[in-house]
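J.: The residues making up each chain are set out below.
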Amino acid sequence: MNATFLFVVIVLLAAMGYWLGRARALAVAGGKGRVLHSLPSQHGALVALWAAVPAVIALLAWTLLVPEGQRAVNPWLRVALVVATAGAGLWLALQRVRARQRARNHVEAVIRLLLLLASAVAILTTVGIVLSLLFESLRFFALVPPHEFLLGLDWAPQTAIRADQIGQSGSFGAVPVFVGTLLIAFIAMAVATPVGLMAAIWMAEYAGERVRATVKPVLEILAGVPTVVYGFFAALTVASIVRRAGESIGLEVASESALAAGLVMGIMILPFVASISDDVIRAVPVSLRHGSMALGATHSETVRRVIVPAALPGIVGGVLLGVSRAIGETMIVVMAAGLSANLTANPFAAVTTVTVQIVGLLTGDQEFDSAKTLSAFALGLVLFFVTLALNVLALQIVRRYREAYD
Amino acid sequence: MRTMSVADRTRSGVIAEFPDAAAGTAAKPAAFETRELSVFYGKKQALKGINLDIDKGEVTALIGPSGCGKSTYIRCLNRMNDPIPGCRIEGKVLLDGMDVYAADIDPVELRARVGMVFQKPNPFPKSVWENVAYGPRIHGLAATRAELNDIVERSLQRAALFDEVKDRLQEPGTSLSGGQQQRLCIARALAVDPDVILMDEPCSALDPIATAKIEELIDELSGNYTIVIVTHSMQQAARVSDMTAFFHLGDLVETGPTDTIFTTPRDERTEGYITGRFG
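Chains H and Z, in that order, give the protein sequences.
Position one of the first sequence corresponds to residue 0 (numbering that gives the first Met the number 0), numbered consecutively onward.
Position one of the second sequence corresponds to residue 0 (numbering that gives the first Met the number 0), numbered consecutively onward.
Hints were generated in silico from the structure; no laboratory data involved.
No experiment lies behind these values; they were computed from the predicted model shown.
Beta carbons: idealized from backbone N, C-alpha and C, even for Gly.
Just so you know, nobody snuck in bad clues.
Here are some, though not all, of the chain H residues that point toward chain Z, as calculated from beta-carbon distances under 10 angstroms:
1) 283
2) 289
3) 290
4) 293
5) 300
6) 308
Calculated Cβ distances over 12 angstroms to all of chain H for the following chain Z residues:
7) 42
8) 65
9) 162
Ranges between beta-carbon positions, derived for each pair:
10) H:194 with Z:56: 50 to 56 angstroms
11) H:278 with Z:204: 23 to 29 angstroms
12) Z:219 with H:299: 33 to 39 angstroms
13) H:34 with Z:234: 54 to 60 angstroms
14) H:367 with Z:169: 58 to 64 angstroms
Given the sequences, and given the hints that come with them, work out the whole structure.
T.: Here is the structure:
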């Protein structure tokens with residue numbers, strides 16, 4: 000008699016409760032619907048809830064409270080408990096069906112609670128993730144002082160696994176990792192911002208309605224290409240092109256360069272920036288266009304001096320959301336940016352990013368109390384706060400912009 | 000020019016008599032002449048062969064029930080109908096004898112000569128100063144910052160707004176009150192130094208006090224500028240205009256000096272509209 004079967008039993012009892020409750024409500028009303036405060040179906044739903052909810056709670060309580068060993072003693076005890084709870088709830092609720100009973104209000108209260116729980120799941124999960132990051136990071140900072148992590152210039156997280164092994168003690172200066180992240184994000188945004196903005200201006204202002212109706216969905220599909228696909232495109236195609244191009248003009252280019260990863264990441268973010276900017280530009284009231292036109296401004300003057308400035312807060316918001324994607328992006332940089340933590344601003348050198356290091360630190364067999372493993376949580380925590388701050392800033396800017404025109 | 004102030008005329012009632020207003024109109028040269036002007040939106044004909052002269056330096060009011068074509072007409076005068084998809088225009092619009100729809104006319108230059116004020120105040124989301132400086136800048140009317148400052152100040156003064164905003168020139172134009180925003184839009188149009196100002200129901204989004212100020216301003220501007228105003232308010236047409244044209248279902252029913260139209264309309268449709276029998 001497993002839990003699945005018990006759930007089926009509960010559902011059947013609830014369904015029975017619904018029909019009985021509804022029938023009883025109709026009987027109370029004597030065929031005159033107006034006598035009832037709530038609809039017969041709402042009375043039915045209330046009885047069904049009374050049958051199902053206590054029974055589910057009883058089932059959960061049994062599973063949580065009764066120790067493993069005693070469960071097998073009498074499996075029928077659980078069935079009896081659940082069926083009795085459901086039956087009792089059903090019978091009691093059925094007795095309480097009255098003409099003036101506020102069944103609708105009760106049912107709606109339960110539904111509201113359900114909606115609240117659903118949204119709480121998302122928020123609580125986030126809180127849980129942050130807390131786990133925080134506690135693991137605290138353990139890491141007990142081994143490595145925070146100032147060494149945040150200000151140190153050397154990143155070499157290898158530590159000896161056994162005490163008698165000859166190995167590095169590990170060096171946890173995160174600056175090179177963050178510099179690498181920022182360098183790649185900067186290259187990506189240097190591609191995505193101007194191209195995305197110009198694409199958006201073209202789509203919103205110059206493209207015909209039919210062209211736009213095709214181009215925009217295509218652009219949004221581009222945003223849905225899995226990043227791993229972009230990743231091998233970056234590693235195999237763009238990296239070698241960058242390398243050959245660099246060498247042809249006498250530059251030394253690493254086979255895994257920040258430039259290759261940044262360029263491809265820029266292409267990845269491009270549709271995102273273009274799509275948001277397009278929406279924002281089209282949201283600029285048509286009255287402003289007419290006002291500018293009536294003063295004898297040309298279309299391009301209107302775009303440059305009225306529409307883009309008016310849309311600028313929204314565009315900045317879109318770009319900041321793009322930046323937080325660039326910083327959090329993993330797959331492209333894992334495949335194309337390399338692992339060596341060079342502290343450099345040279346886009347032709349191999350650099351590493353926070354996300355790449357987290358992947359490296361947590362892939363394979365690990366002991367979960369070494370500084371090496373724990374440093375991944377510290378990196379993740381800092382990354383989380385950086386992207387959180389960027390998102391908050393971006394949403395703030397977008398919201399302020401919205402207020403200006405509503 | 001008439002001598003009564005707006006306030007006087009407001010008190011004297013809707014259908015006031017201005018014998019002096021009618022006297023000089025016959026000899027006035029026309030700013031705009033429209034000949035057999037028809038406008039189509041797709042298959043729907045919005046204007047049916049309009050012949051109308053707009054006198055120079057006068058205030059001409061276009062009245063008529065909603066959908067009668069008066070807004071369509073005013074938008075033909077500065078070619079603001081151009082960007083509307085499916086809009087087709089037949090006939091001629093002449094500005095000082097020049098065909099507005101001729102192939103060699105750049106609508107951009109035309110609009111610098113024919114300013115427009117819209118139904119809802121639409122200041123740009125820039126400072127008050129920047130709003131007024133916008134037009135002179137794109138047309139290169141000022142060589143130096145000082146000249147531009149002069150133009151801005153003069154335009155705001157002519158729009159009777161300068162005293163109210165002289166300490167807040169750097170504040171956003173959108174922070175002004177509705178009536179101030181509309182006067183800012185008028186100042187913005189004046190800054191380009193146009194010959195004609197088109198006003199498409201400029202007071203319909205304003206309260207009575209702001210409306211009175213705009214009407215007073217229209218009165219002050221007439222003479223120096225040719226003004227064409229679309230209005231739903233017959234009282235407003237009676238108060239501010241020298242000439243009135245009554246549109247109905249795409250036809251120009253009747254046109255003439257405002258006091259004649261309001262006291263002795265020739266067409267029964269005009270009479271029906273101004274006495275409120277339909278609208």
